[in-house]
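From just these sequences and the hints, can you work out the full model?
Line order of the protein sequences matches chains A and B.
When you read off a place in the first sequence, starting at 1, and then add 488, the result is the number in the working numbering.
When you read off a place in the second sequence, starting at 1, and then add 13, the result is the number in the working numbering.
These aren't lab readings, by the way, just hints derived from the structure by calculation.
Do not take every clue at face value.
[Claimed, not checked] Just the calculated beta-carbon pair ranges, DEER-fashion:
{"id": "1", "chain 1": "A", "residue 1": "558", "chain 2": "B", "residue 2": "196", "range": "48 to 56 Å"}
{"id": "2", "chain 1": "B", "residue 1": "206", "chain 2": "A", "residue 2": "707", "range": "55 to 63 Å"}
{"id": "3", "chain 1": "A", "residue 1": "690", "chain 2": "B", "residue 2": "415", "range": "38 to 46 Å"}
{"id": "4", "chain 1": "B", "residue 1": "206", "chain 2": "A", "residue 2": "663", "range": "58 to 66 Å"}
[Claimed, not checked] In the DSSO-like style, the derived pairs of lysine-lysine whose C-alpha atoms are separated by at most 27 Å in a straight line are:
{"id": "5", "chain 1": "A", "residue 1": "535", "chain 2": "B", "residue 2": "403"}
{"id": "6", "chain 1": "A", "residue 1": "535", "chain 2": "B", "residue 2": "264"}
{"id": "7", "chain 1": "A", "residue 1": "535", "chain 2": "A", "residue 2": "648"}
{"id": "8", "chain 1": "A", "residue 1": "648", "chain 2": "A", "residue 2": "662"}
{"id": "9", "chain 1": "B", "residue 1": "403", "chain 2": "B", "residue 2": "264"}
{"id": "10", "chain 1": "B", "residue 1": "403", "chain 2": "A", "residue 2": "497"}
{"id": "11", "chain 1": "A", "residue 1": "536", "chain 2": "B", "residue 2": "181"}
{"id": "12", "chain 1": "A", "residue 1": "497", "chain 2": "B", "residue 2": "265"}
{"id": "13", "chain 1": "A", "residue 1": "648", "chain 2": "B", "residue 2": "53"}
Even glycine gets a Cβ: it sits at the ideal position worked out from N, Cα and C.
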Amino acid sequence: MNYRLNHLKELESESIFVLREVASQFENPVLLFSGGKDSILVSYLAKKAFYPSRIPFPFLHVDTGHNFPETMEYRDRWMEHLGARLLVGSVQDAIDRGLVTEELGVNSSRNYLQTAVLLEALEKGKFDAALGGARRDEEKARAKERFFSHRDEFGQWDPKNQRPELWNLFNGRKRIGEHFRIFPISNWTELDVWQYLAAEKVPLPSLYFAHPRKVFQRDGILLADSEFIPKKPDEVVEERSVRCRTIGDVTCTGVWESTAATIEEIILEVAASRKTERGGRADDKRSETAMEDRKKDGYF
Amino acid sequence: MTELLRFTTAGSVDDGKSTLIGRLLYDSKSIFEDQYEAVKTATERRGEVGVNLALLTDGLRAEREQGITIDVAYRYFSTPKRKFIIADTPGHIQYTRNMVTGASTANVALVLIDARNGVSEQTRRHAIIASLLQIPHLVICINKMDLVGYAQEVYDTIREDFRLFASKLDVSDVTFIPISALNGDNVVDRSEKMDWYEGSTLLYYLENVHIGSDHNFIDCRFPVQFVVRPNNDAFHDYRGYAGRIAGGVMKKGDEVMVLPSGFTSTIAKIDTYDGEVEEIFPPMSATILLTGDIDISRGDMIVRENNQPKITQDLELMVCWFNERPIQPRGKYVIMHTTQTARCMVMDIQYKMDVNTLHRNQEDKTVGLNDIARLTIRTTKPLFADPYRKNRITGSVILIDEGTNETVGAGMVI
Chain A
489 MNYRLNHLKE LESESIFVLR EVASQFENPV LLFSGGKDSI LVSYLAKKAF YPSRIPFPFL
549 HVDTGHNFPE TMEYRDRWME HLGARLLVGS VQDAIDRGLV TEELGVNSSR NYLQTAVLLE
609 ALEKGKFDAA LGGARRDEEK ARAKERFFSH RDEFGQWDPK NQRPELWNLF NGRKRIGEHF
669 RIFPISNWTE LDVWQYLAAE KVPLPSLYFA HPRKVFQRDG ILLADSEFIP KKPDEVVEER
729 SVRCRTIGDV TCTGVWESTA ATIEEIILEV AASRKTERGG RADDKRSETA MEDRKKDGYF
Chain B
14 MTELLRFTTA GSVDDGKSTL IGRLLYDSKS IFEDQYEAVK TATERRGEVG VNLALLTDGL
74 RAEREQGITI DVAYRYFSTP KRKFIIADTP GHIQYTRNMV TGASTANVAL VLIDARNGVS
134 EQTRRHAIIA SLLQIPHLVI CINKMDLVGY AQEVYDTIRE DFRLFASKLD VSDVTFIPIS
194 ALNGDNVVDR SEKMDWYEGS TLLYYLENVH IGSDHNFIDC RFPVQFVVRP NNDAFHDYRG
254 YAGRIAGGVM KKGDEVMVLP SGFTSTIAKI DTYDGEVEEI FPPMSATILL TGDIDISRGD
314 MIVRENNQPK ITQDLELMVC WFNERPIQPR GKYVIMHTTQ TARCMVMDIQ YKMDVNTLHR
374 NQEDKTVGLN DIARLTIRTT KPLFADPYRK NRITGSVILI DEGTNETVGA GMVI
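So, in structure tokens, the structure goes:
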């Protein structure tokens, strides 16, 4: 007798279980889609979980307006492939309406503004569960996240008072106005994600593969040259071969020097890497507990 | 093939748990440079010397301020043979609920003993919880061997003490390893200072311990989680029962029975997105299609007619209580079991168990936060349950407060 699964199949099975649990326990879930590999993975697993039915919930993209153009192209193609309905929450629109005020200065970013736009979109759509691609290995505050993470009516996370999560039993009960954030790929690592996407031959945005790009250096991080990032006088733009390890807003997503042009080369690079993927995220570096503080307020 | 192994650790600030995890991560090259740098900077900012590896796992602001682990932290590392998920939990009695949470899904429990102090109250508590939660493998790391001169007598004495105590527990597979987490003896590399020890290193043990039998592959249990009905032209009459198999091996063509209706049918097809499969076993997710037209919904269970779980509204449970508000005698709670949700009433509190001594207290039956007790409950509808000893999935329940929606208890079916 030899009934064994490899680790990727076991992770896949766990994530599919969580996705089906969401569809069963909630009235109106939504999948938060950023165009990054983690949300691509969650949407791909959702396709598997409900096959041959369609994915029984819409997708939501919180659009800062400061995107890499490649992300938007990919997003639209992928939605068509999945046959999914896409909703967009626009940060630009929220600024124009006065819901939020734009940050000013050299390191300004619309990262924090996403929270208000996200919460507004959830409220408007009466969504009671928002699925995301966060992983526990990404960041120390995320290491304490539950699969089913409860949010109060202000969208706040209370890390000291989380519901214990045991076995396969997920408690999604809530009061009216409260919602849950759900993280089906909590137990995947960066390497697991890449190995799985490679094995399943999932198409990915071109940004993940090495390509020549105009970049400049700030605080030890390479940033893409973009009209959305004001440069200091001494910052020099030059062309290098780079790729993204995470994809977020163009203002806070660092790029890495790399020649990895295929998914196999990426796996080798990730396996040998001595830096975490979020090492290039300026939004995590604002303080020691920057992620926990943003999450408490309702960030992804 | 790389397999997944989940293990849990429990410990306090002083017994070297963080150092041991740090050592495993560091020696298996799973700590990244920027994480290491961030921890180093944070250590210096606190005016401490060296690199405080506890700051790697203690992620929450309150934990970092108080220098303790409050919640379960999940850590990941892998070797070419296995991928490991560590549920790192605090060891203090006031965090019993976190230990129980971490233990619920673990294949292996790692219990640390300080070689200078021997078997302590905390050691006993961890072992009792591991036994209650039926973690299949227990490994006792006798740590800080460097501080007792790497002496075999110390190791032998502690091993005998633990064996004596463990004879009262329900644990079948116990392994002892003498280590020094600080110096790395017997963690990843073999110690040169303990020739008398002939067993394996901790990492070798974790890579090779046999976990192929940790699931129940005998008693077929398929809790229906979600009914797949595409209602489109290509799959007009498709009606599939999606779920994660909780026990046994189920094959196409098997005669099955559906609970609670008792109708029998045959497995016509086992479907996945990647195509049809011949058989499924735990912990696979799949979709079962049956012959004939029977009415099945979420919460039903597909089993074999000659091998059924107990269909009952009366359950005996060992419960770990998670809430400051004590269990209310005759109190009503929501109960979740596999994919079923019902309500239940506490009919009787039989005794409260001391997690340090196993003593059964039948006088004081106030069951509060972190207490473990044996209860009798009655549910509003029948559940399809197995003893927890036979199946950790069909033998476990959680209790939820109807007013606050908090998870207030975890129960194991006796």
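Now for the hints, and whether the structure bears them out:
no., hint, in the structure
1, A/558 - B/196: 48 to 56 Å, "holds (50 Å)"
2, B/206 - A/707: 55 to 63 Å, "violated (45 Å)"
3, A/690 - B/415: 38 to 46 Å, "holds (43 Å)"
4, B/206 - A/663: 58 to 66 Å, "holds (59 Å)"
5, A/535 - B/403, "violated (34 Å)"
6, A/535 - B/264, "holds (24 Å)"
7, A/535 - A/648, "violated (34 Å)"
8, A/648 - A/662, "holds (18 Å)"
9, B/403 - B/264, "holds (21 Å)"
10, B/403 - A/497, "holds (24 Å)"
11, A/536 - B/181, "violated (46 Å)"
12, A/497 - B/265, "holds (21 Å)"
13, A/648 - B/53, "holds (25 Å)"
Of the hints listed earlier, those the structure fails to meet are numbers 2, 5, 7, 11, in rising order.
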